[in-house]
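Residue numbers (full-length UniProt numbering), protein chains in the order written: chain A, 1 to 805; chain B, 1 to 805.
Everything labelled a hint here was simulated from the structure, so no lab data went into it.
Mixed in with the good hints there might be a few duds.
Since the list gives no way to pick one copy over another, a pair counts as held whenever it fits inside one copy or between any two copies.
Here are the simulated lysine-lysine pairs, DSS-like style, with alpha carbons at most 30 Å apart [claimed, not checked]: (1) K722 / K615; (2) K443 / K78; (3) K242 / K111; (4) K605 / K14; (5) K716 / K615; (6) K621 / K718; (7) K621 / K242; (8) K242 / K718; (9) K441 / K78; (10) K84 / K443; (11) K621 / K722; (12) K284 / K60; (13) K113 / K242.
Everything numeric in this text was worked out from a predicted model, so none of it was measured.
Number of protein chains: 2
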Amino acid sequence: MKNHQYAIAKYNLKIAQKELRSIHFLDEETDKIDNPSALLKHFLMTAFLDSQSIAIRGQKISQMMASFEEDALTYLDKNAPLSKIAFYNIALQLLHFEVGEDFLIDNSITKMKTLNLPIAEVNDPMNLYDVTCAWYLLLNTRTKRGITLIDDLANEGYFAQNYNSFDKPLIFNGKSMPVYDTSNLIREVVYVEAPLDTDHDGKLDLLKAEIIRPKESNKQKVPAILTASPYNQGTNDADGEKLTHNVNYGLKHKTPNQTSLSELSTKESVDLPAPREVEGKTRKAEQTFSREQSYTLNDYLLARGFAIVYSAGVGTYESDGVRTTGDASETISATAVIEWLAGNRVAFTNKFDNNQIEAYWSNGNVAMSGRSYLGTLQIAAATTGVEGLKACLVEAAISNWYDYYRENGLVIAPGGFQGEDADVLAVETYSRQKSAAEAIKNKDVWDKQLKAITEGQDRETGDYNAFWDARNYLNDAKKIKADMFFIHGLNDENVKPINVANIWKAVAPLKISKKMILHQGQHIYINAFQSIDFSEMVNLWFTNKLLEVENDADNLIPNILVQDNASEQSWYEVDDFDGRENVESVSLGTPEDGTRVENNQVSFKDNLSDDDFNKYCHNAKQWQHDLVLGDSQSAMTDNRVIFKLDKLDNDITLNGSARIKINAASSQDFGMLSAQLVDLGEDYRLSANPLPVDNTRISLGYLWREDYLREFKFEKAKSPFKKVAEGHINMQNRNNAYQVSELEAGHFYDIEFDLQPNVYRVKAGHQLAVIIYATDFDKSIRGNQDVQYTINLENSTIELPVNKD
Amino acid sequence: MKNHQYAIAKYNLKIAQKELRSIHFLDEETDKIDNPSALLKHFLMTAFLDSQSIAIRGQKISQMMASFEEDALTYLDKNAPLSKIAFYNIALQLLHFEVGEDFLIDNSITKMKTLNLPIAEVNDPMNLYDVTCAWYLLLNTRTKRGITLIDDLANEGYFAQNYNSFDKPLIFNGKSMPVYDTSNLIREVVYVEAPLDTDHDGKLDLLKAEIIRPKESNKQKVPAILTASPYNQGTNDADGEKLTHNVNYGLKHKTPNQTSLSELSTKESVDLPAPREVEGKTRKAEQTFSREQSYTLNDYLLARGFAIVYSAGVGTYESDGVRTTGDASETISATAVIEWLAGNRVAFTNKFDNNQIEAYWSNGNVAMSGRSYLGTLQIAAATTGVEGLKACLVEAAISNWYDYYRENGLVIAPGGFQGEDADVLAVETYSRQKSAAEAIKNKDVWDKQLKAITEGQDRETGDYNAFWDARNYLNDAKKIKADMFFIHGLNDENVKPINVANIWKAVAPLKISKKMILHQGQHIYINAFQSIDFSEMVNLWFTNKLLEVENDADNLIPNILVQDNASEQSWYEVDDFDGRENVESVSLGTPEDGTRVENNQVSFKDNLSDDDFNKYCHNAKQWQHDLVLGDSQSAMTDNRVIFKLDKLDNDITLNGSARIKINAASSQDFGMLSAQLVDLGEDYRLSANPLPVDNTRISLGYLWREDYLREFKFEKAKSPFKKVAEGHINMQNRNNAYQVSELEAGHFYDIEFDLQPNVYRVKAGHQLAVIIYATDFDKSIRGNQDVQYTINLENSTIELPVNKD
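Work out the full structure: start from the sequences and follow the hints.
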């Protein structure tokens, strides 16, 4: 374990004393204690629960060793000088490190340092104030189990012994404590009347929202966190599967055009039906629910006094409307709920009686949370500047749907989801059909809507068009008023990193708080990692934004935090992401030995034997392997060219997008080019997915929901390479994604395109390689067409974004 | 889905009416309803929670379709004749089958039949009584999500709306209902004074027990289920790993002996210290705990009013003593807790004050539950005939530790755990050392104890000795008084099926209730399967045994239930297991083409090239593949002989152990023989592990803990073979496991040994094969020795236990 904690607020003795009083470690009785050992014993006795007997708590203390010779109880009961090493011997045991297995008694302080755990600056032996400060810091230190000690004690029942005896909210070291009884939460449904009529039934769409909030919120207002999740009410996987498109067809020549960007942005104004007449008002919801589709970070926050609201939007189970996949109707689905939470929109208790219910329990400060589509709708909602939305925790989100399903005039699937498109996603999330009656009633309007999506997405050309422009949130990024916290996996091939890079650049000029974490995962959550205090950072941030506690969150949380790809459990800060401030232009040079160079030109074909083609269609991993490593026996050998750059003498870090600039020709009047930047070098690399750590279960509150501790570890065997980035372009879209240019067979064109951005450390002794090819078996359409591509080596380079440091 | 429900108790109109009244579906008001549709509407309104408004419940009903034209609300509100098809249209939707995806409206009754869901015998159209009976049956029918509808409603909050309004326990259709508030359970620790002093400190060992019980048990006694789990308080995985034995050493010649069985069974009598003097009595425990190491079936039972007790036994965290791996001390660790629960033993509130606490809340009826080691300790405890123990739910348990770590005079590891032994397991479970103070204090006694285990287990000879005899529960099987329910995976290579077969045969003559389920899993739990109502069977059984409800459990639950290996979601009953009533003796015939037969003898060697040896050591799967399929190029080709039996014209089912009878010689004065029975035939076969079904989460009570629905499915690709059974023998133990016979190099001996028992259907067109070899890379020691084995074909047969039907 190597600990990285950012969410420890600054403190001094006065703060420590005050806050320890608020969580009952100090009181009038303890003011009388005049011996440091006695004070530490008191802290331990208190930590082991007042609800347990003195004998049991003494038994617990005596199970720990304070020195080689003495158990902690014996040691402390002597009231002799308290050594720093004894304190940290006990501290490590409290943090669940085992003597023998994890550390040696005489080595506790060195071990604390090795683990990167904070050590209080105290005298040795310690005085009373030292014990107070060191104990305060220890409570805020993360245990081996990936949570802070105070959260660990909370999970043992520290606050649950007597929830009523603590202030609510209870802020300790800038973070909100789990002092809310999660076995006694209010769970209620409301129907928000959205300014939408997507199913054209002449009535505004009512959208179901599930609310979970502490009992206390009936009396004391709390902030709300909305997770807008179209998946939340169920999915239609079989139907989605059925609609999934065949991708084994060929690229075609496109008729050139001069489309301008402005003509794409058609905002239709829709005449909306009148709102329902409010026929009554109530504070009593009529509908409840049991097990919601939850998100463990929300569960963590629920125990800490934040209300959680789940809403799935138009066309989902028990809501009105139809699915639209990412357009303004979905944005409004989210903002309507935010408006209700902020007191600016009407909601009803059921779909018939027009009985209004207000979010009387909401303090009006709303945040959003969630990953993927759930993060996407945060960006969507934020770009409206909707009142009440104070903060977004955007994980692995789409900032522009074109960057999800398309790329530079090509149909490029999210990794692992060949054939998926906006219409497939619409069908999958149309959970309204789970009610048989609703499915039948709305069949016609839904069929029509689905047809419109299929047409609008246009799998024929792959061009950027009005459909995609209506789903490009970057257009309105400047309207964002909420503070934004982005989290994205640098290895996310589903929602690719360009999405976070672009929104990051778009919000750069805005006067909002902006944070970003770039991790080594794919399309995952990171809130149960051992090496980083993500949940605590989120707590600190939301406590600041929503509870308006001055806790220095914006200073404590790094602006950009990156997980290193070349070591375990290592995180560092960078100044910028994809800023392209220091770009090195490198000639591609001569391709790998064995490739035929003629007239300073190199060619590769795209078609394969039927057998090889089918093999790769069913095994994209094999294709990727052969693309990079395939020798002259490999089916890919003539289907790509590899340019190997010089072996590195020193580590370099790439930050941002590499840009391919080549002069190339197709043997046909159509063509696509793909490129990968690859790190070559037999080495240990991080596992693709984080692995469970010791099967450690993390409780998110006392006897509340749970998560499992995870971490990226090096794989057991070395691997020969790792893909750093990739990109694709339709040669006819060499100007941009919306304009089609002419392409003559055999004619050479200058073609530039960016690869996906990354922050990547290439180690000394390794070597970068650039691979140029056409069909991407994992993501592009696969026509197995008879095309030959030729690259003019003279004018072909790659621009590498080498970090300044 | 194909449903198999055994735990539906017989009922009639009177029972249905009475029980529906007890769960508030019927009352005085409903007695006035005179229209079948109105009665069904009332049932639906009630199912959708009284705590929700009438409008919301109407909304829920109107989301379902009753016919092609009408939603359920419209249909029922007409009060027209209620058709059976409309009832089952609605029923299937309540059971979470979706119209369109899962069934068509006009097809509901056929679909019920296809799914093997019970259909009430009613008139069409239905009368009032029909509706009552059909609704009653429907509530007891399993949904698509693998739980009964009444449990599904409970999970939605049906009982939780007002826990206080229901009888406790509430028996519905013979099963105990989840009417206990799991957010409000009592969690307390006691220290049971066991009649043991394993750490020789002159004081009886105090054993920690964690109790979880409903609040109501303070007033009304409840039954208790003990899970005795040595893993429960944590494990020392790193230390266990360290002690794991090297298995790459050679077999040696053993000196012949005439050991008799009787001389092995030495029962030492131990002088025990005097019990502690009780210094006080209390009903108030002093210690609590938060998240216990749970077992989902226990969680299911907790919501249904059974107290759950976890106890880890001697040498575990916060208990006294040292680990002994399966001997009488561990048995007594379990029975001591049972005795306390039955009022026959003293426990204290802590380890110092001698303050006695009784299980005043226990009704004295105790059961045990758990799998593997946890099941083993059930067999151990049951064989003492301890008072209070009424029933055991024994999953994948060891009945004789020799059959776990040894076989016929050989060290044979549990599959996947090469090098593990009784001492390794002792170290892994010695969680007492997790307290640093305890580890230091008991270091000497523990080192000595561990040494004794290592010596006793005797990895040198592999013979059955006094150490193993003290860990052979079969010796005392006749003392069992508790009713026994065995569950075992037919593919369990960890705790091999011989364990369940032997205990099953041992209890056969006893006048107790005996049940057995043999499933297609490995070493797994089966309580979240979609195709079988295991949890409900357990509920029925425990309700009968512990709550003493006359529910016909012993008749309803099949004596032996087997999961078919050759089809999905298929279970059937058999009369006996491993009864060997119909044995076919089949000559092995001539081995596969290519094997050299000389003088009607066939030979194979055991040694391999270093490369091949190392390869197989690290890849037992590859070894298994080559053993069965390896051609003349394979490294295994000369290291085994394969005898292929005739291709089958019809399916046959094997039931029990096949017996190998061969006349064989070793080229050395030592030798081991292994055999596998294999089903050859390219076919679809069940996955080795059950797979999640639709990511369906199963709540085990209202907002309580959860499990995931699972099921075995056919693998996506066909496979060429499946191992049916295997066995191993040291040629010097050809008489038995405890006597060593002489072995002269080159001399032929008659050798008989049983393969593991199985119940296995071999399909027509398939063919059985017998493979004879020596080293088992997955389980035996691996000496890579220069030995040649020769089999005399004339006198070599296999006895196949072919089922009579």
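Status of each hint after checking the structure:
1. In this assembly of identical chains, the alpha carbons of K722 and K615 lie at most 30 Å apart whether taken from the same copy (22 Å) or from different copies (27 Å).
2. In this assembly of identical chains, the alpha carbons of K443 and K78 lie at most 30 Å apart only when taken from different copies (25 Å versus 80 Å within one copy).
3. Proximity of K242 and K111 under a CA criterion of 30 Å is satisfied inter-copy only: 22 Å between copies versus 56 Å inside one chain copy.
4. With identical chains, the CA atoms of K605 and K14 are never at most 30 Å apart, being 73 Å at best within one copy and 79 Å at best between copies.
5. With identical chains, the CA atoms of K716 and K615 are at most 30 Å apart both within one copy (28 Å) and between copies (17 Å).
6. Proximity of K621 and K718 under a CA criterion of 30 Å is satisfied in both settings, with 17 Å inside one chain copy and 22 Å between copies.
7. Within a single copy, K621 and K242 get their C-alpha atoms as close as 24 Å, which meets the 30 Å cut-off; across copies the closest is 36 Å, which misses it.
8. Proximity of K242 and K718 under a CA criterion of 30 Å is satisfied inter-copy only: 24 Å between copies versus 40 Å inside one chain copy.
9. In the homo-oligomer, the alpha carbons of K441 and K78 lie at most 30 Å apart only across protomers (20 Å), although the nearest pairing inside one protomer, at 79 Å, exceeds that limit.
10. In this assembly of identical chains, K84 and K443 lie within 30 Å of each other by CA distance solely across copies; the values are 27 Å between and 72 Å within a copy.
11. In the homo-oligomer, the alpha carbons of K621 and K722 lie at most 30 Å apart both inside one protomer (12 Å) and across protomers (28 Å), since each shortest distance falls under that limit.
12. Taking the closest pair of Cα atoms, K284 and K60 come within 30 Å of each other only across two copies (19 Å); inside a single copy the shortest separation is 47 Å, beyond that limit.
13. Taking identical chains as interchangeable, the C-alpha atoms of K113 and K242 lie at most 30 Å apart only when they sit on different chains, with a minimum of 27 Å there against 56 Å within one chain.
In this structure, the one hint that does not hold is number 4.
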